[in-house]
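So the protein lines, in turn, are chains A and B.
To convert, note that position 761 of the first sequence is 761 in my numbering; the numbers rise steadily by one, no gaps.
To convert, note that position 31 of the second sequence is 31 in my numbering; the numbers rise steadily by one, no gaps.
Since the hints were derived computationally from the structure, they do not count as laboratory data.
These figures come from a predicted structure and were not determined experimentally.
Careful: at least some of the hints might be erroneous.
Straight-line alpha carbon distances no greater than 30 Å define the calculated DSS-like cross-link-like pairs of lysine-lysine that follow [said to hold, decoys possible]:
(1) B:Lys-258 - A:Lys-50
(2) A:Lys-158 - A:Lys-177
(3) A:Lys-50 - B:Lys-177
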Amino acid sequence: MPGLGAIGFLSPFLLLGLLLLPLLWWLLRATPPAAIRRLFPAVVLLLGLKDPETTPHKTPWWLLMLRMLAISALILGFAGPILNPDQAKISRNPLLILRDGGWASAPDWRQRQEKVTALLEEAARLGRPVALVNLADVNALPDSLAFQAGTTLIASSKGDLPQPHRADYSIANDWAKTLLDDQFDTIWLSDGLAADAKAELAETLSGKGNVSIIEAARPTLALRPAEFRDGTVIVTVLRDRLLDPLDLTVSAYGPDPAGIERRLAEMPVEFAPEAMTAEITFDLPSELRNRITRFSVDTIRSAGAQSLGDDRLKRRKVVLLGDGPQQEGQALVSPLHFLRKALAPNAELIEAPLNESLLANPDVIVLADVAGLVPAEAALLLDWVEAGGMLLRFAGPNLAAASVGVSADDPLLPVRLRSGGRSVGGAMSWGAPKKLDPFVAASPFYGLEIPADVEVTAQVIAEPGPLLAERTIAALQDGTPLVTQKEQGDGRVVLVHVSANAEWSTLPLSGLFVQMLDRLAVSTSAATPDNGDLAGQLWQPIWQLSGFGEMVPADHLLAIPGEQLSGLMANPKLPPGLYQNADRQVAVNVIGAETVLARAEWPDSIQVLDMSPPVEQPLKAYLLALGLLFLMLDILATLFLSGRLTGPRSGLAASLAVAVLLVAPEVRADDTRAQTATSETVLAFVITGDSRVDRASEAGLYGLSRVLTERTAIEPIDPIGVDLERDELAFYPLIYWPISEEQPVPSAAAYQKLNTYIRNGGMILFDTRDANIGRFGSATPNGNHLRRLAAGLDVPALEPVPSDHVLTRSFYLLQDFPGRHSRGQLWVEAAPKDAERIEGVPFRNLNDGVSPILIGGNDWAAAWALSREGRYLYPVGRSGFAGQRQREIAYRFGVNLVMYVLTGNYKSDQVHVPALLERLGQ
Amino acid sequence: MNTQPAPVVTTTRLEADKLSARFPALLVHAERLAASVVSGVHGRRRAGPGEDFWQFRPAIDGDNWRNIDWRRSGRGDAPYIRQQEWQSAQSVYLWIDRAASMDYAGDKNRESKSYLAHLFGLAVAILLGRGGERVGLIEDPDPPRIGQQQVDRITAQLAARGPLQDYGIPASRNFAKGSRALFLSDFLGDWEVISSRIRQAADQGVAGALVMILDPTEESFPFDGRTEFRSMSGTVRFETLRAKGLREAYLGRLTERKSALEELCRNVGWHQRLVHTDDSALDVLTWIFHALERRR
């Protein structure tokens, strides 16, 4: 809209009103101010005089200025000015909102969502049809844009989430070229990273209308996959622009022994001044290193800032067992020699007796030509296998000679064996040495190239059986199995039917041996698995990375054939995550080892905006308020000029002016209540919400007040009902709280008030009104409710009123405290344990203070209840004299109570002892 | 520049009541003032009934022998008669201007001119009444009388207010020869009529005192701006676009009126004084009293 720099106007035609200002000026100058009327008896002396000047008294210029300003402010205000207007409001074309929904948008996803919502709302306000397309969602690129009203898209846009891959802009470009729609503007929320064909897409879209790009100003950071070099793990951090990053750290996460994911290591990130990458070295003990599952840049929530770790980081612990007593010079013949050579670079070898080596929690145990195991050891081994370990056994003369697994299924052998084995192609046998059959698709060795010189001359034979075919993972050309495996519990047992040294075959001499061990996940290689390693297997995703970089369990998804994992980089068809096949794990990351981040560059013709432009500020309200202020000042000025502000009749005018400018403060009715409560003695009762109980409380306290006025020096005014939530409690010396089940439990603030009240010397008399029929506090509903209500209070230890408590003698001498009922017990604060009776004094010196809580059940309010005319409202006790007597004692208790509250323990002083002794007849 | 004949205007009973409601206070004030001024009967400088010694004169035939003063006669040969001075009560006529223009007070903290006029008038009446003089209002058809009763009667007459005019003019009547008059007014009314009445009174042998009571704002004319001036009842109106410009001319006219009053008094031998409503009341009362006593 048209504007002056940073201010735009919604209705600019109103500014024409400013042209009227000179006219107004002239008018005001020409019109003199109104005449003041004065009563002046000497006017007779004025009759006949002429005004000396013909020009009238002019309005002073500052008053004119004030009026001009006021009117200008009003005109400007009504023209609807807006600070920092949004320039894009100009056109009414349909609008296409494109989002780069890839992982690079994830860190500020919320801001982008808000921006999209704001854009949709604005389009809806202006009546522009809108279409919303997410570029990363390649499947969802529609053939023709369906423009809708903005409001319908708001709800659906809120559900968008960033994808864990980035968009493919060439596909998007092709799609944009095929769009039939012609005239639309585009707003593209770009993620700021360069990609192929991004600029071309922008060009294509600018051919259809205005394009503006919104980018965030923050840098994008990413992690390359971790590498394992020379015993340390190296992680590379990438950035897309040379900005000083904040304090960043990269952390390694992995499960702790209990399985909970924890941060295992943390390293700070420091970029060299001109570098776009930074390398971070994690030097960790192998225990920790083997546990790492992922690395991430802290505080950045995107899939690019995470890198998943897989087998390349791990080194397995392999236990080698099988040597007999070692002899010099027989190293080459030792069954473990070749294994050691094959495994040493890539795995940790442990060669210790089985009991000890099991303690080291190995991943693989290799038994090379071990035939018989002690039953205890066999049991340990079986437990370990079933807990998830892999047992790799090699055959040999010992195994062939033993009758292990011949007659019955040995749990530690995958197949039943024939005794004896066979030898082929040897000196003493028929036929040539056997060669290996190419590996079938289901075998973990699928894809390995078999060298021509691998021959087998002797082996143990497996007993044919129904399960043999599926347990065979490598076979010789004549179909006899070479390697068999079976699942046992969570682990598996693999048997290689030849020996681990070169006596029975040339397999251990060849490179195939190492590769087979690799495939069996006995050793892990630090190199990236290539196509050959991955192909032929089915890889089950275990974890998937969402666009925000969160690890989502993915067990329920279908396994993917290894060919699709090629490159190990995420694309729309291959979500990033951890894929597993048997014991091998492979991580697919968003960033590859060669990826480089760079900032997107746009052609000059396209406008690039910031994500959060300065907020539009409508100035209308301020200008109108300013105009109003000027008008009020004008009133004051006019009054001043006409002399009414300071002259004889100034009072009314000045007060009106003041009243116009100020707001009268609200009159608070609470203050009058507080004033009466503090200037007189008032007995208060808690409003329970049960109107009958409240009426009885009020009438009861009124009756008690009357009795107090008649008999004592205390003259309370009418009792006041107290709302625990709203009213201040500090004014009332005594609060009578009848328990009614209708009263809700007070709020925490009310409890605080009550506790403050109790601690500062107030007293609450709880009355359950049911004479504690079920023995105090246990069975009656009111008793239970009392428990609930008093749960939040700071109630001291209570005891039944002892016979020498001050209550029994604070005004009248009483022994019991009846109300409408007479059976209930009254409980007061417990006396300190060391209160003693002094010689000659008929009572102990109990509490120094006044008991803050009294609990009873005799329904005193009903006994005290008096109507304004002096009628007793409730019957007490039996009719006749006994009832009257009970009521009288109830009143006496009330008087004692109020005396106790207001005067404290003064009757406990020694001063009163002689008189009391006399009264008590001692 | 508007001018209209001044008709007789009635005020509301409420305003009359308001003023009469202030009478007790006024009376008290007047009594207090009066108490601070010492008064006495006037000697008439001739022989006659009285208390003060006048002269000894030789007795002639026809005098009563009881009047002979033996002490004086003993000193000489012939019998002498002691004569006392003729002390007679004077008649004092009061004119308290009760027109509407006197109700003006420039500031709400000041009393109106009417209040002051009543104050002085009542104080003088009380004093004279105590001193045994005859007092009466000028508009009272009965001749002035002696005594406290007459003071009460004067008070009652002042309290009862009839139809008011805008500007007051002293009533014309027959004055007793040799009496005194006290005129309390702002003398803003029709000058011709006022001066002719005063001359009439002077011709009848009245010696008097004029007190012109003005409000300080009438003296200083502190008004400015576009103003419409009105008389107290609103009948006379004058509008000006710039009051400040009229100030000079107004003050000139006021001085004219004052000097006309002075000249008139000089001509007829009366005393006159200009009093403002913020002047000390005691001063003014003392002056009035001396002015009334100056001729013996």
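Hints, verified against the model:
| no. | hint | in the structure |
| --- | --- | --- |
| 1 | B:Lys-258 - A:Lys-50 | holds (22 Å) |
| 2 | A:Lys-158 - A:Lys-177 | holds (28 Å) |
| 3 | A:Lys-50 - B:Lys-177 | violated (46 Å) |
In this structure, the one hint that does not hold is number 3.
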